[in-house]
Each structure stands twice: as structure tokens, then as C-alpha cells.
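> Going down the list, the protein sequences come from chains X and D.
In terms of the working numbering, the first sequence opens at residue 1 and continues consecutively.
In terms of the working numbering, the second sequence opens at residue 1 and continues consecutively.
Hint data in this document are derived by calculation from the structure and do not stem from the laboratory.
Keep in mind it's a predicted model, so treat the numbers as computed, not measured.
Hints may contain errors.
Stated by the list, open to error - Derived CB-CB ranges, DEER-like: (1) X:251 - D:50: 23 to 33 Å; (2) X:137 - D:50: 25 to 35 Å; (3) D:139 - X:68: 43 to 53 Å; (4) D:22 - X:279: 47 to 57 Å; (5) X:250 - D:266: 50 to 60 Å; (6) D:22 - X:284: 51 to 61 Å.
Positions of the beta carbon are idealized from the N, C-alpha and C atoms, including for glycine.
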Amino acid sequence: MKSSNAATEPVNVTELLVGPGQPAAGTIEERARREDPAVLKTLLEQMLLIRRFEEKAAEIYQLGKIGGFCHLYIGQEAVAVGALSATHPDDYIFTSYREHGHALVRGMDPGEVMAELCGKQSGVSKGKGGSMHLFDRHRSFMGGHGIVGGQIPLAAGTAFASKYLKQPRVTLCFFGEAAVNIGSFHESLNLAALWKLPVVFICENNRFGMGTPIERASSLYELSQKACAYNMARTWVDGMDVLAVRETMKEAVSRAREQNAPTLIEARTYRYMGHSMSDPSHGHYRTKVEVEEQRRHDPIKQFSAALEAIDLVNQAYIDELDQKVRDTVEEAVAFAERSPQPDARELYTDVYVD
Amino acid sequence: MPILTYREALNQAMREEMHRDETIVLMGEEVGFYNGAYKVSKGLLDEFGPMRVLDTPITELGFTGLGVGAAMAGVRPIVEMMTFNFSMLAIDQIVNSAAKMLYMSGGQFNIPIVVRGPGGAGHQLGAQHSQSLESWYCHVPGLKVVMPATPGDAKGLLKTSIRDNNPVVFIESEVLYGTKGEVPEGEHLIPLGVADIKRQGHDVTIVAHSKMVLVALDAAAELAKDGIEAEVVDPRTLRPLDTEAIVNSVRKTNRVVVVEEGWEFCGVGAQFVDTIQREAFDYLDAPVLRVTGADVPMPYAKNLEHDAQPDKEKVKEAVNKVLYRK
Ligand SMILES: Cc1ncc(C[n+]2csc(CCOP(=O)(O)OP(=O)(O)O)c2C)c(N)n1
Ligand SMILES: [Mg+2]
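In isolation and in its complexed conformation, chain X is listed as follows (with noise of 0.2 Å):
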């Protein structure tokens, strides 16, 4: 079936379409053997640093040293690991408020974040940001935004831009699966494929806005079908993946870059953690059960069985990487806490620029 819009050149959308429930071809072991080794290990390590990262972040929130609100990202990893491998380092990154895994997948100082965390100076946003409002502009890090959705238009922004400015960068835009019932979402996803914008969006459906399961907020469940209605190229993951996300992504960048054509990617995920840190990891909207059953298809687990599996690492080496990775975080940490706060002078500036 041919379909067409406003625009001049019509992507054709049903031979885009995956259907409902379609898994990644072939086994983790069989598309880890078709990467680099050095890709392999880098995914990894990154997941690593992200669990590890989240877990101490909990750890001192709960002394008092993280304040505010502060979302974690534990059980997501393999979204913005897979995600961001696909992607150019200037490549435009939105996400919103659950995003210290993406701005450590993009390079961020773990320093400089867990800084942020804990309102330091030397923080990436200068401690003005915090948790939810990570920025790094010479990594094309657009922020952590605290609106649900708020994220979205921003995101047509700057893929409009990169057409307008003839760059070849394409914007990554993160939210989660309760964003897609927003207004936001729906009149960025038109202008998108109205005006031919060089965008991915990444609906991370970890199945819960708060404590609202997505059955009793969304109408529809395939998430990705949204597209349909914006005649936008669409397909689903598995979000516990990171090689499927890896291989989804890189189908979707090239498809922004080559053609400046938008795709809607929904990735299954699930979070371990509550909502918040003051939201606990079960409670009257889901079951303990049914979080340990989900902690079975840990993306960190399954990732490293395969990667053990293929003879490419074996458990000292994993061993040997949480290390690597648990030093890290202990010296964010303590950068962090060895940073002073901001000066006080810095209330009234940052309001304006010249």
C-alpha cells in the first residue's frame, strides 16, 4: 500500500513495519559473533558502569548526600547502551529525567554526574541542573527534561536544525512509554514526518508512569504503532538486548541520516527500582514476584553469558571489569564529595547571557 503526506518524497511504511511480537533473528551468541570484540566489550563495560553507577547513587542518596528527586536507571541499560553505540558523537542526545545512564554512556565524567547528583560546583550543570537536568554541550547531551514529553519538540528542533544547517547529525530523543499520551509527543511526531526530520524517538516502555501500568493508561499497547497515525516508520525491541537495540538503532540512524526520515522505536524494558527514590521497587502496583521474575532477563546477565558463551570473556575477566568499573564510581564519588558547592553567587547568574 502506498501512502503519502505533505512532504515531497513518501517513505513507504508498510514495508517498514515489524509486527507485534517479531524477535531479534538469531540467538545473543550468534549476533555477538557477527560485532567487533572490542564493541562487545565496550557495551558491556558500559552497562556495567551504569548498574554500578545507579546502585551507589541509591546507596548515598539514602545518607542524605543526592537530594530532590532522583530516577534510576537499573534494569534499563542495554536501551542506552545499544542506543548510543549506534550513534556519532555529535549526534544530538534528548532524554528526560531518568538519564544518568545516557550521559555516562556518552561520556560524561562520572565524576562531573554523581557532582551533579549532589549539587556541586563542579557538576555538569554546575550544580544548578541536578538529577534530572544533565547537560553537556560539547557531547551533543541536550539535557535531562523534567516534563513528561517536554523533550519531544525540542527534539524535532534540533533535527530540524541539522537539515536546515546542512550537518549530517541526527537527534536521539529518549522518553518513556507514559509520554506517548501526551500532546507533545503527538505534534512532534507530525512535524517530524511532515517536515522530513532527521529523528529517532525512543519510547522506553519499562511498562510503568510511576505507578500506573501502561494497561490502564494507554489505549493501545503496541506502543510503536503510535507511528502509524504520522505515517512514520516504526518497529519494537527487546529493550533486555542491547546487540538487538544496537542493530534496531543503527537501521533507524542511517534511515534519519541517508533520508531524513523519523522512526519510532519502542524498546521493552522494565525497571528494577521504584519510580523514584521515594517510590520503593514494589509496592501495591506490582508484586516482588513479578519483579524478580523480570530480574531473570537481566540485559547485564544475558550479555555476559553470551559473551562467555562465544569464549570472548570469561568470569575473572567480568570480574576483573566490575572492579575496574566499582573504582570508578568510588572516585566519582568521591570527587563528588570533595567538590564544593556552588559559590553563592552563582543564584543570580546563568539567568541571562549577553
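Using the hints provided, position chain D with the ligands relative to the given structure of chain X.
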């Protein structure tokens, strides 16, 4: 000096700036093919093409947010609101993204964007299309708010707003679009945050912005026949506010009337009065009075609509009161 309409002055400002800087784009509903709902963008599509003059779907939140994102990446968008009533759909992106991106990124991302279009009442447009929302935007640190009253100011302030590296909310007036005045050619730049004394006087100060400047000047002309010389101070920029100009005038006249089209409660005039009482308390010979829009949704009927708005009679009455006349 050429005489232009307010509409032409705005058009000239955008045209000149778009010639000067290729990163400037204009987007909004009907700005291109239709030449603008109020024809402010007339001819710009033909001159600059569809990549720079972009007709958007009716999606205020979406295209304003898109503009803010583009401004994070090297584009300098002018986003037209068909009228500011519809900016309420976009206010999340104006307030939560544009106004605070610089601060929450620790100074990394400034947002050079102008959100412009007409505000205030037209003629019998009813409750949803007649609002003066400047106080909403003035409330927000990180935004600048500009409201020109004359064609000359419209051009000079819009050019400066486009060059400003911060988000600027630029509110015009449907009723002013057809008014005429002198407009300097070429490089005419009026700094933001500088008021203009639209009429000199020594008996009373009338502070008014946008369309209300014309109302104040009408009132002042009639008061002059009675021997009362009113000074009309037009702040032109509401944020940052030229408090010095207001206070200096009050120190000279000792009496003040503040006029605004918007609602009284928490209106921008309340902020002016706060400044005046704090910085010129000892100079005041009478309480400061305000003339504002009536505290009701705008009615449709012609007579009621008239009664809901400040006019020269109401301004004269307030001036007489602060002068303790009659
Ligand atoms: C517009 C808006 N409404 C409500 C909130 C409060 N809130 C923060 S996160 C959240 C749930 C969002 O869930 P989802 O989009 O699935 O992302 P997740 O937290 O699961 O990553 C809510 C309701 C908000 N930040 N913004
Ligand atoms: Mg969710």
C-alpha cells in the same frame, strides 16, 4: 523619515534581519503562503523561500518547542503566534524549556528565540480571543517581554529582540497594526529595557504600554486643554523594566496613574506600583491609581466590550483623582 504602518515596520524588521543573518527562520500558522494572518509576514515566503518561512500545522506546543530545540542548535527562530491567546498552548515550552534552559544547564544552552504576535483585545472577538497575557510572561525569570506602541518602536525593538541571545516574548497589537508613524530606515535598534517618554509634562505621570500609550496620549491632549500637563512614560520593554525612567518621572510630577489593558489582579501595573512606592515614596503626593481592564472575561457585545477596557475618559478621571481635582 518614511511613514510606515506598525505592520510594515515589523515586516521590515524581519526582512532586514533575515537578510543580515541566514540562521534566522520564521515559523507559525499561515506565515508563508497566506502571508500572515495579519499580513505581518507579507512577502517573506517569496523572498526567503519555504526553508526559512515555514507554515506550521496548528500545533503551538509542537512548533514552539521545535523552535526552542532549533535555538539550542544554532538556528535563531522567530515563532509567530497567530494571537497570544494561543500561546497558552505553548506556554510549557516557553516557560519550562526556553526560559530555564540556560540556568538548569549551568550556562551551557542559551535560547535565542523570539515568540511574537498580537495580544490584547481586537474588536468584539469575545472572551477567548481578547486577552492581555503579558503579566504571565513577565513573571518568569529568563524571559524578556517587549511591547511596542508605535511603528518606530516596533521596528527598532523587533530588530533588537531578534539579535538578543535570550528568549524574547514580543507582544504586538491587532489594533495597532494599521497605525502609522515615522520609522527610521535600515539599522534602527532600540535597546531592550529602555523606556521612552512619549509626552513631556510636569503635573502627573501616566505609565502605559502598547495600545494604552495611545489612550494615555489622547487623555493627555484633552487634559492639556484644562492646563494639566501629563507626562506619558512608555516602558516599551516590560522585562527588563526601566524602573529608573518611571521613578525619575514620578519624582518630577509626584502623581501617577498606571494604565494597562490587562486585568487588574496581579497585572504588570501592580509591579510598577510596587517599584514606585519603594523608590519614590517620599515624592508621592497622592496614592497611585491604576486604570485596567475589567475583572471579567471579555464580553462580546460592543457596549460591554467598551466598558471592559480602559479609555481616555477613565484615564482622565484617574488623573483628576490623583490631582484631587473636582
Ligand atoms: C507533564 C508532567 N506530568 C506529571 C509529571 C510527574 N511524573 C514524573 S515522571 C512520571 C511518570 C512518567 O512515566 P514514563 O513516561 O513511563 O517514564 P519512566 O518514569 O517510566 O521512565 C510522572 C507522572 C511530570 N513530570 N510531568
Ligand atoms: Mg515508564
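> None of the hints should be skipped; say for each whether it holds.
Now the hints, each set against the structure:
{"no.": "1", "hint": "X:251 - D:50: 23 to 33 Å", "in the structure": "holds, 29 Å"}
{"no.": "2", "hint": "X:137 - D:50: 25 to 35 Å", "in the structure": "holds, 30 Å"}
{"no.": "3", "hint": "D:139 - X:68: 43 to 53 Å", "in the structure": "violated, 23 Å"}
{"no.": "4", "hint": "D:22 - X:279: 47 to 57 Å", "in the structure": "holds, 49 Å"}
{"no.": "5", "hint": "X:250 - D:266: 50 to 60 Å", "in the structure": "holds, 53 Å"}
{"no.": "6", "hint": "D:22 - X:284: 51 to 61 Å", "in the structure": "holds, 57 Å"}
When each numbered hint is compared with the structure, a violation occurs for hint 3 only.
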